[in-house]
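Enquirer: The residues making up each chain are set out below.
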Amino acid sequence: MTRTARRFLAILLAVVTVAAGSALAQVELRMTWYDDGSESQVMRDLLDRFEAANPDVTVVMDVVPYSSGILQSLPLQLASGQGPDMARVTDLGGLSEFFIDLRPHVDDEAYWDVNFGPFLDWMRPAGSEAIPGFMTQLTVTGPYVNATLFEQAGIEVPGPDTTWPEWAQITRDVAEATGTPYAMAMDRTGHRLAGPAISMGAELFDEDGYPAIDDEGFRRMAELMVEWHADGTMIPDVWIGSAGSYVAGNEQFVNAQVVFYMSGSWQIGQFAQLIGDAFDWQAVSNPCGPAACTGMPGGAALVGIADTDHPEEVARVLDFLAQEEQLAEFYGRTLFIPGHLGLAESGVEFDAELQATRDALSTFAAEVPNLHPTAYQLQGYPFNRVVFDAIRDRLTQVFVGELSLDQAIERMQSDIDEQIAETQ
Amino acid sequence: MNGASRTKLNELPGKIAFGAVAAVMTVLGWAIEPIQRLIGVRRMAWVFLLPNLAIFGVFILFPMAMNFYYAFTGGTQLYPQNRPFVGTQNFEQIYTCTNYLEPSSCREDLFWRAVFNSGTFVAFHVVGLVFFALVTALVLNAKIRFRGFFRSVYFYPVLLSPVVVALVWKWILQRNGLLNGILDAFGREPILFLLNSEWAMFWVIVVTIWANMGFHTLILLAGLQSIPAELYEAAQIDGSGPVLSFRHITLPLLMPNVIVVLVLALIRAVQMFDLVYVLTGGGPGSATLLMVQYIYEVGFASQIQRFGLAASASVTLGVVLLIATLLQLRLSRGSESHLA
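Sequence order for the protein chains is A and B.
Using the working numbering, the letters of the first sequence map in sequence onto residues 27 to 450.
Using the working numbering, the letters of the second sequence map in sequence onto residues 1457 to 1796.
Treat the hints with care, since some could be wrong.
As the list claims (entries may be wrong) - Facing chain B, a subset of chain A residues (Cβ under 8 Å, in silico): (1) 98; (2) 106; (3) 267; (4) 314; (5) 426; (6) 431; (7) 432; (8) 433.
Calculated directly from the structure, the hints in this document are not laboratory data.
As the structure is a prediction and not an experimental result, all values here were calculated from the model.
Cβ atoms here follow ideal geometry from the backbone N, Cα and C, with glycine treated the same way.
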């Protein structure tokens, strides 16, 4: 072997050794994520910054659809121990048994307790002191209206104390005056209907804290929904046009097919982007009923998964992302209501050019004090999705004539009872 | 390069391939010969079947056995060792009805709605599919212009993913879709095709026939092409018209293919899920909810996943498919003995 060949082989060996060594030291973490708008881009920017400061860790984001990826597949992955290292979830209580406890791995536990304290209870089993993750957003449900249509119809946008039946009548008038196909739309989920039902007097729980659907308040709201679908007030494509899954009505609102859209604060960023100045839109206060004028609280959290092989690295990533500097940027760019008490107090500088966006954020922030205690109770209930899904699917059967309202309410309760009984 | 060298060069790849095969066979021989000496030539068939049997066992028989076991367990845990045995409780839940013809009277009403929907779907889908596939095969077997082009066109939907087919048809059928655009152009009111229970089931049947027809047409076309032309010529000389020829020559000789198509269509229809799930989601309400979607939703889509209930519904579906398969075997044998 010549001297040159020996040198070449030595260099090659050194390169291979270094490459293999760095490959062995490199930890790859997977994060399952979903988008309401385009917040995965903001998260990616933050992760790039983390990776630059921590070259031994890379984070791969798997952006999945909310309904099939987060609600349906993720629970199965977690139950089978095949889940990601981190995930953005909304079923905080229901999946809490699979979340990691970051407490032994973070340097400053007090920072987490002080800034995320009340929300940590939503994502850990009762009695636990675990730190599973942090809120990527707090949400409040509430309606949006197409203000341009109101202006064209020569009708004032109603004020905060307007009731649900009054809103229905006013938006019907606007739709009729402007030739808009439908007056109202509501996301196809029991979560969105729960706020209006509580406003109408629904209690939703018995004295033992067990879900109980059948009461006057719930019936009143359910009857209104049936009536609105029958008389063409509510666009049928959202609730009737689908089955067995969550469907948003944002597409219909963005395309000016409806005057009024019951959704929530997470739509602000998307509307700012998609509607732009095509028409004037605004968020309005939740309509009232005899009992309240409430929406539903909610939110999404980025949590670590207990089955991860790299708890230290997961804790490093989440601890980095949870710091005020990162979260201020995240909330500011995504236009999400902060789930960090320090930032909520000091305020976030939202990256919003449109006045409508800033106004909508203020409107939803102002809704928080109006949220009814039952709304918080339902949001904190670990099997709330069972309640929401039963309401959604059985009520749709009433809209299409498969069940009477009495039968549907009876079925809602039996669906809930049978599913919860499985967990005992 | 002279001719002899070129010939040697041309033969080289063949020689390499032959050498490789010979080497593999020699190595296999080293492993197999001792086994053959040990168990005898007659039992060697089992050795050759073993790899396939192992794959079949792991991916078909084992999951079937697990599904059967899960049907008798309860709770929400995923792994079988953590699931309590509940006997026939899941089957009782499914089969408790005061009137089996009225789904609302059943404890698990959505299962029975899915059963009735599946029955309606299977009946119309299978009859429609076989009829249109037969007509199309007859037309494509005739001497028409652009026959090759039409054969490709009718087969093309089979190559598409069911999700793509469903999305394309959704764009056609939705409120602002192509079909309503055409109705609008003629001054007609739009029809909410996917929001009305009867229309939704109608379109589910039409779209699934459209998507699957090409494959079945191909089977029937192959059957038609295997019928000797002399039979038709003899019938023509005897004064038989096209209808009589079809009835007395085509149909009897095509019957084995028709039975294959019938049974394949039946099994596929009972298992239908993906296309309908994307097209209607099982709605409106539960108007197009089929059995496999019911199983999926109970087992996987709910917050509390009832694997036991889903497994018991799967066992029921499995029994239906078993009956369909036995029917196929019986019909095939009947048809073969009739032809003999």
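Enquirer: It remains to establish, for every hint, whether it holds in the given structure.
Expert: Here is how each hint holds up against the structure:
1. 98: At 5 Å from the nearest chain B Cβ, residue 98 of chain A passes the 8 Å test, so the hint holds.
2. 106: 6 Å, holds
3. 267: 5 Å, holds
4. 314: Result: violated, 30 Å to nearest chain B Cβ.
5. 426: 4 Å, holds
6. 431: Hint on residue 431 of chain A: violated, closest Cβ of chain B at ~13 Å, above 8 Å.
7. 432: The hint is violated - residue 432 of chain A has no Cβ within 8 Å of chain B, the shortest such distance being about 11 Å.
8. 433: With Cβ-Cβ at 6 Å, under 8 Å, it holds.
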